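Letter by letter, the chains look like this.
4 protein chains.
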Amino acid sequence: MKYKEIREQAYEANMQLPKLGLVLFTFGNVSAADRGQGIFAIKPSGVPYEELTPSSMVIVDFDGNLVDGGLRPSSDTQTHAVLYKHWTEIGGIVHTHSTYATAWAQAVRDIPIFGTTHADHNTVDIPCAPPMEDARIEGNYEYQTGFQIMDCFAAKKLDYREVEMMLVGNHAPFTWGKTAAKAVYNSAVLEAIAKMAVLTEQINPSAPRLKPSLIQKHWQRKHGSDAYYGQEGC
Amino acid sequence: MKYKEIREQAYEANMQLPKLGLVLFTFGNVSAADRGQGIFAIKPSGVPYEELTPSSMVIVDFDGNLVDGGLRPSSDTQTHAVLYKHWTEIGGIVHTHSTYATAWAQAVRDIPIFGTTHADHNTVDIPCAPPMEDARIEGNYEYQTGFQIMDCFAAKKLDYREVEMMLVGNHAPFTWGKTAAKAVYNSAVLEAIAKMAVLTEQINPSAPRLKPSLIQKHWQRKHGSDAYYGQEGC
Amino acid sequence: MKYKEIREQAYEANMQLPKLGLVLFTFGNVSAADRGQGIFAIKPSGVPYEELTPSSMVIVDFDGNLVDGGLRPSSDTQTHAVLYKHWTEIGGIVHTHSTYATAWAQAVRDIPIFGTTHADHNTVDIPCAPPMEDARIEGNYEYQTGFQIMDCFAAKKLDYREVEMMLVGNHAPFTWGKTAAKAVYNSAVLEAIAKMAVLTEQINPSAPRLKPSLIQKHWQRKHGSDAYYGQEGC
Amino acid sequence: MKYKEIREQAYEANMQLPKLGLVLFTFGNVSAADRGQGIFAIKPSGVPYEELTPSSMVIVDFDGNLVDGGLRPSSDTQTHAVLYKHWTEIGGIVHTHSTYATAWAQAVRDIPIFGTTHADHNTVDIPCAPPMEDARIEGNYEYQTGFQIMDCFAAKKLDYREVEMMLVGNHAPFTWGKTAAKAVYNSAVLEAIAKMAVLTEQINPSAPRLKPSLIQKHWQRKHGSDAYYGQEGC
Chain A
1 MKYKEIREQA YEANMQLPKL GLVLFTFGNV SAADRGQGIF AIKPSGVPYE ELTPSSMVIV
61 DFDGNLVDGG LRPSSDTQTH AVLYKHWTEI GGIVHTHSTY ATAWAQAVRD IPIFGTTHAD
121 HNTVDIPCAP PMEDARIEGN YEYQTGFQIM DCFAAKKLDY REVEMMLVGN HAPFTWGKTA
181 AKAVYNSAVL EAIAKMAVLT EQINPSAPRL KPSLIQKHWQ RKHGSDAYYG QEGC
Chain B
1 MKYKEIREQA YEANMQLPKL GLVLFTFGNV SAADRGQGIF AIKPSGVPYE ELTPSSMVIV
61 DFDGNLVDGG LRPSSDTQTH AVLYKHWTEI GGIVHTHSTY ATAWAQAVRD IPIFGTTHAD
121 HNTVDIPCAP PMEDARIEGN YEYQTGFQIM DCFAAKKLDY REVEMMLVGN HAPFTWGKTA
181 AKAVYNSAVL EAIAKMAVLT EQINPSAPRL KPSLIQKHWQ RKHGSDAYYG QEGC
Chain C
1 MKYKEIREQA YEANMQLPKL GLVLFTFGNV SAADRGQGIF AIKPSGVPYE ELTPSSMVIV
61 DFDGNLVDGG LRPSSDTQTH AVLYKHWTEI GGIVHTHSTY ATAWAQAVRD IPIFGTTHAD
121 HNTVDIPCAP PMEDARIEGN YEYQTGFQIM DCFAAKKLDY REVEMMLVGN HAPFTWGKTA
181 AKAVYNSAVL EAIAKMAVLT EQINPSAPRL KPSLIQKHWQ RKHGSDAYYG QEGC
Chain D
1 MKYKEIREQA YEANMQLPKL GLVLFTFGNV SAADRGQGIF AIKPSGVPYE ELTPSSMVIV
61 DFDGNLVDGG LRPSSDTQTH AVLYKHWTEI GGIVHTHSTY ATAWAQAVRD IPIFGTTHAD
121 HNTVDIPCAP PMEDARIEGN YEYQTGFQIM DCFAAKKLDY REVEMMLVGN HAPFTWGKTA
181 AKAVYNSAVL EAIAKMAVLT EQINPSAPRL KPSLIQKHWQ RKHGSDAYYG QEGC
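Chains as they are written, first to last, in this note's numbering: chain A, 1 to 234; chain B, 1 to 234; chain C, 1 to 234; chain D, 1 to 234.
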């Protein structure tokens with residue numbers, strides 16, 4: 001099997017989605033990039049998770065061209081390709097329609113930063129990109145979705161290396177990370193944050209955002225130069 | 001065993017309902033039609049899922065007459081028969097009382113098309129038929145339920161080949177498809193859409209419907225003549 | 001083992017509670033009555049479900065006196081005894097703190113009859129008894145809880161043979177039936193109805209009650225003299 | 001293995017968190033104290049639950065100094081140390097980000113005592129401490145979190161031996177008890193109470209608090225001098 005290692009990474013990461021309760025049937029896909037070879041491995045389109053194998057992962061380059069594999073890649077492949085091409089430090093991307101994150105996307109709202117669970121992973125509200133303009137939809141839709149994501153980050157002056165999750169308005173969440181495993185982790189975290197945020201507003205419609213000093217404290221202890229969460233070298 | 005193949009299809013599809021979390025106890029039933037023989041196989045009434053076998057499926061014709069089987073068929077059998085008789089291209093029907101779809105039915109509201117998860121499966125709001133008029137209830141209730149469903153589609157000018165799910169007001173959902181397996185898939189999708197829609201309105205009471213260009217894009221990429229979702233021939 | 005059969009019935013029914021997701025830790029208890037011997041078997045107090053055995057069930061008479069068993073019976077035993085003594089046709093009782101039914105009890109509201117899932121089991125709103133008066137609380141609390149339940153049924157002119165579930169205000173649900181297994185079934189149905197009803201009001205704050213003709217139709221097809229749901233003799 | 005017994009207690013208690021659905025990934029930690037030796041065993045920081053072993057538990061003294069163990073202790077270790085040092089009768093502490101309790105913490109609200117499930121465990125609203133002042137955040141944050149918790153109890157005149165659960169505003173819940181197992185039990189109970197309370201307010205925005213006579217009755221039957229819940233000596 002060619003591209004064995006990256007296919008196995010993509011396979012393992014895809015198989016986490018149903019285990020974490022983030023997908024129904026074939027909704028959702030994970031890719032894993034091999035920067036050295038300039039390619040990524042992605043889930044084949046519409047194939048049930050229980051039928052996946054490492055060898056069924058499809059190999060595609062960062063321009064979205066099919067490189068290797070017997071199956072058609074995920075219909076969202078062009079979105080992954082655009083993000084890998086422009087955001088050069090990411091190694092994995094996940095797209096799901098997980099229930100609570102998708103509900104925020106459908107509500108076309110950023111998820112407010114209400115607590116430390118959120119601040120452990122992001123210092124800002126989870127951004128929600130506006131629905132795509134018609135001219136873009138009529139073009140290459142999945143390719144343009146990549147730009148919709150990047151434009152949202154540019155407009156909000158966000159750095160994809162710090163904020164690894166977002167919502168596409170009326171659509172659903174995307175997450176990424178240095179590895180496919182980290183991107184999957186981010187998808188599960190986003191779903192948890194999204195559920196807590198709905199409940200927070202239900203319990204207190206005027207719930208306050210977390211104050212800047214607490215945001216910085218929680219972010220720094222996990223991600224700052226003096227981070228002390230986790231084990232050395234992890 | 002006579003009607004072996006269709007009984008096995010109906011059995012396999014029925015057994016998916018508890019696995020997908022769509023039924024409690026004996027609530028719900030699936031049927032599978034054999035158009036060549038003019039019959040369908042349906043769950044026996046009130047029998048727990050764990051006691052079902054392919055041979056316990058009951059064979060009924062499209063006029064609702066018992067053809068083969070040692071048990072009484074589902075109490076909803078006449079509804080299935082009416083739909084098979086008039087909607088000649090469907091091969092499977094599912095009725096459940098799944099939690100979120102039933103809540104929308106009890107609220108007597110169509111489910112608004114809030115996002116792409118919805119548009120991947122339907123281009124319109126999921127229709128909710130009004131509760132049945134008393135004259136119909138006093139007649140053959142389950143037989144009339146079939147007409148309640150068809151009248152709703154006629155009034156809203158919907159095509160059952162495109163919209164494969166609906167709600168009966170104050171009652172619960174029905175779904176169908178070319179096969180029983182597809183009808184079960186539609187029941188799970190409807191439940192997911194119903195849950196996301198409740199949450200969407202909670203997060204944003206004035207959440208916008210998905211705009212027509214996005215509805216068409218998502219529908220066409222899965223169901224249009226140039227569909228590119230899934231594998232060739234799937 | 002004395003009272004072997006009724007102990008096994010009570011044991012089996014108790015073990016269904018965690019399987020159906022109706023209890024956390026030791027919250028909840030089931031009893032099963034043997035009318036011929038004038039006793040019932042009930043869960044011992046505070047013992048985890050995974051440590052229960054048929055022989056650990058405690059035997060009590062309808063005046064609440066301990067008859068047989070090495071453990072202290074459920075703290076709710078007097079409530080069960082009162083109901084068995086006065087409602088002479090019931091053979092099983094369940095008390096849980098299941099999430100959604102308990103939330104309605106805490107809200108001190110009857111659960112409105114919003115749909116056919118409800119009407120398949122009851123023709124009326126699920127009654128919620130008012131919180132107990134202080135004079136009763138200061139007496140034998142669990143004994144008085146039995147009268148709180150019966151007084152509620154008398155005030156609302158309900159028949160315990162038709163309505164087999166209710167809420168005690170600020171407290172939690174009780175259900176019963178001809179057997180302990182039926183009482184457990186009723187607890188799970190009540191929880192499902194309670195969850196659907198919360199969601200129904202969320203989706204449509206002015207959701208209509210099910211109309212009388214539909215209530216009667218659904219009740220009669222399952223419970224009337226010409227019932228046609230289920231198999232003959234079931 | 002040194003400190004074998006207390007490490008095993010801490011290990012067993014930590015492993016209950018994912019089983020009870022109270023944690024995602026590595027969110028959350030349990031410690032168990034050995035008062036005789038003046039130390040506690042706590043989860044190592046950032047290590048997945050499925051990789052934990054008794055020997056990976058880290059031993060720390062009540063001043064927060066590392067005593068034994070090859071891994072870095074939980075980032076919340078100083079909070080545990082402060083509580084053990086000042087609240088001299090507790091033997092176990094749990095911190096989670098469980099969904100519903102965290103939502104109340106994010107809403108910065110006490111959880112009202114709406115029913116007997118709550119009163120079986122507490123006679124007061126579950127207290128929510130205010131978010132920490134900036135001066136404290138800039139100091140030793142986790143150490144100060146311990147004082148944030150104790151100050152809240154002092155301000156509300158609560159006794160940590162009676163109220164074994166609380167929320168830190170904008171953050172998440174903490175629970176404790178005479179043993180680590182009891183502290184874990186309290187975390188699960190808190191999550192259940194938190195979920196029921198959200199639903200109670202949804203069903204009835206003016207739901208009444210449980211009246212004092214019922215609060216005392218339920219508390220006393222489980223915790224009073226004449227308690228009759230559970231088995232003798234349990």
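Derived from the structure by calculation, the hints contain no laboratory data.
Remember, predicted model here, so these are calculated numbers, not experimental data.
Don't take every hint at face value.
For identical chains, the list gives no copy identity; a pair is met inside one copy or between any two copies.
[To be verified] Heads up, simulated DSSO-like pairs for lysine-lysine below, C-alpha to C-alpha not over 27 Å straight-line: (1) Lys-157 to Lys-19; (2) Lys-156 to Lys-2; (3) Lys-4 to Lys-157; (4) Lys-2 to Lys-222; (5) Lys-85 to Lys-211; (6) Lys-19 to Lys-211; (7) Lys-157 to Lys-2; (8) Lys-182 to Lys-2; (9) Lys-156 to Lys-211; (10) Lys-2 to Lys-211; (11) Lys-4 to Lys-222; (12) Lys-4 to Lys-156; (13) Lys-211 to Lys-222; (14) Lys-85 to Lys-19.
Outcome of the hint check:
1. Lys-157 to Lys-19: neither (34 Å within a copy, 41 Å between copies)
2. Lys-156 to Lys-2: neither (40 Å within a copy, 53 Å between copies)
3. Lys-4 to Lys-157: neither (37 Å within a copy, 52 Å between copies)
4. Lys-2 to Lys-222: This pair counts as neither: shortest intra-copy Cα distance 37 Å, inter-copy 30 Å.
5. Lys-85 to Lys-211: neither (35 Å within a copy, 29 Å between copies)
6. Lys-19 to Lys-211: neither (34 Å within a copy, 33 Å between copies)
7. Lys-157 to Lys-2: neither (39 Å within a copy, 52 Å between copies)
8. Lys-182 to Lys-2: within (24 Å within a copy, 35 Å between copies)
9. Lys-156 to Lys-211: Answer is both; intra-copy 19 Å and inter-copy 24 Å each pass.
10. Lys-2 to Lys-211: neither (50 Å within a copy, 43 Å between copies)
11. Lys-4 to Lys-222: neither (33 Å within a copy, 30 Å between copies)
12. Lys-4 to Lys-156: neither (38 Å within a copy, 52 Å between copies)
13. Lys-211 to Lys-222: within (17 Å within a copy, 40 Å between copies)
14. Lys-85 to Lys-19: Neither way: Lys-85 and Lys-19 sit 29 Å apart in one copy and 40 Å across, limit 27 Å.
Violation of the numbered hints given earlier is confined to hints 1, 2, 3, 4, 5, 6, 7, 10, 11, 12 and 14; the remaining hints are satisfied by the structure.
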